[in-house]
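Participant: Sequence order for the protein chains is R and H.
The first sequence begins at 1 in our numbering and counts up one residue at a time.
The second sequence begins at 1001 in our numbering and counts up one residue at a time.
Note that these hints are calculated values from the structure, not bench results.
Check the hints yourself; a few may be wrong.
Below, simulated DMTMM-like cross-link-like pairs (lysine to aspartate or glutamate); rule was C-alpha separation at most 20 angstroms, straight line [what the hints assert, rightly or not]:
1) H:LYS1018 with R:GLU201
2) R:LYS78 with H:GLU1104
3) R:LYS186 with R:GLU201
4) R:LYS97 with R:ASP76
5) R:LYS142 with H:GLU1104
Since we're looking at a predicted model, the values are computed, not measured.
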Amino acid sequence: MEAADAASLAVHTQDLAKRYGKTVALSGLTMSVRRAEVFGFLGPNGAGKTTAVKLLVGLARATAGQAWVLGAPVGDLKTRRRLGYLPELFRYQGWMKASEVLSLHCELADLPRAGWKSEIAGALETVGLSERGGDRVEGFSKGMQQRLGLGVALLGRPDLVLLDEPTSALDPVGRHDVREIIRKLKDRGTAVFLNSHLLSEVEQVCDRLAVVDRGRVIATGTMSQILGQDGAVRVRVTGLPPEGRASLGSYGSLEDEGEWLTFRGLSQDRVPELVSDIVNQGGRVYAVEPRHETLEDRFLQLLKEQDR
Amino acid sequence: MHMLTIARLTVLEASRRKLLLALALLTLLVIVLTSWGFSRLPTMKGVTPAEVRVAASQLTILVAFMFSGVLALGSTLVAAPSIASDIESGIALAILPRPIRRSEVLIGKWLGLAVLIALYAVLSGLLEMLGIQWATAYLPPNPATAIAFVAAEGIVLMTLALLLSTRLAPMTGGVIALVLFFVGWIGGIALGIGQAFQNSTIINIGVGSRLLIPTDGLWHGAIFYLEPSDFLAAARAAGRVRAGNPFFADAALPVPYLLWIVAWILILLVLANWSFARRDL
């Protein structure tokens, strides 16, 4: 892809690789994140998720490949003004007040001074720290630091926000708040790159996702593309002759557990046809249960396929 | 302009972490105690004003040595963690993705630390000189230049620690900078002995050490401006007896050497920038 094509995307990487000495952290990462979408970057620990984000924000230099952020090559100083970033493991200056940390980042992000006050108040309110703006950061819990970090990432209405495990230190209320913040960001046209190993989080907020393992994208697409359009159906049947069972294989991959038959890869439209076929062959149907594959099922399956 | 933001942040941090307050209180205590000590000199039995003057000039050099030591060690302790601990704690992860160059962070820190060092050297030096003058009526020939050299010694060591801080852990960088500081000091003594006995090998070792680590050279620059001319003449007449005395300087620092020190600081800053810019975080 040329740089001109990359301009229409929030993030684009082409064969991006990173090696630390002999350790390969990322090998040949190719992916695209569209503008104003919530993109989930999902992978097990050590898959190279944080390395990828660090390359995108210029904290580390790629060993090979190319990457563009908001249409500019990574590291471009001007583009960084339109970028918000919440690192995974970070700390702010403990001797500063929360409002001072935000003020420092307003200054570093080149925001017009006249708008700082409202930016800071807005950020504190969004992350639920309005009452703590005057307190020193050293007294903050890990969760509060993470909330402050999110507030810092939101300053100046960035076009792209990269969140690296944003809820790792948060309680359930905090996690819910973060999901709401991400939805609001999307509504106002901000692209969100969500780095996470929390499947439920990704499942609930992401438009598209990439599954990464050992530094490579192993699946990418919308949630339904990743999960597969066709679900599975479980049917409880008695009285079906063995030859009848065998003929049902044409509906999808069949798992025979005695009375329970599970058909995978079966389009929901064909369920009535299946039931009528079973009845015609002398079977008695007691239950028909559509089964949706969860992201966890699919994720584990993808990783297993990689191991083969 | 972000460079000045980081410089301001560095000074603010020193103030908020009570480093400035602790230094100010301890320094004031030292100045009061030494001034009282100096005020005892003229009251000693049978002492002549000329003897008071000689004693005061020698003691002034020793007090200056103490301040230069405090400044050198303090500069190392503050500079060695400056970049390294920001990386270790993750503070750098939050700041560097902003539209700021790594060089601005580095030079900003250097600037902030240099201001702190200069401020401490000038204020403590000025107060100490005033205290000595009040106690003995003695004032060294050129205290302002001497203070400037002591400040420069701190800045040189801070620059070295800052360079090490771009790659090494705070502890490691700090220890290396301090070892080099003391090696430089011994190198200076070797140079004095080599010159007195005209041994070219020892002279070369001493000159090499002064070029590589200019802290001792600057210390000798400071001493020279604290020595009254009559004392200097008497010391020169003593010849070899004074060889290797780390509290005596025979001559002012030559201009090419001063230019080398400026170049040395610039070279180290360029190296530090290069090293920090290439570091993966």
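Participant: Next step is simple, just say for each hint if it's right about the structure.
Facilitator: Results of checking the hints against the structure:
At most 20 angstroms may separate the alpha-carbon atoms for a hinted pair to count; LYS1018 (chain H) and GLU201 (chain R) exceed this at roughly 43 angstroms. For the suggested pair LYS78 (chain R) and GLU1104 (chain H), the alpha carbons sit about 15 angstroms apart, so the restraint of at most 20 angstroms is met. Pair hint LYS186 (chain R) plus GLU201 (chain R) holds up; C-alpha atoms about 15 angstroms apart against a cutoff of 20 angstroms. Taken as a hint, the LYS97 (chain R) and ASP76 (chain R) pair is broken in the structure, with Cα atoms around 30 angstroms apart against an allowance of 20 angstroms.
Among the hinted pairs, LYS142 (chain R) with GLU1104 (chain H) is inconsistent with the structure: their alpha-carbon atoms are about 29 angstroms apart, more than 20 angstroms.
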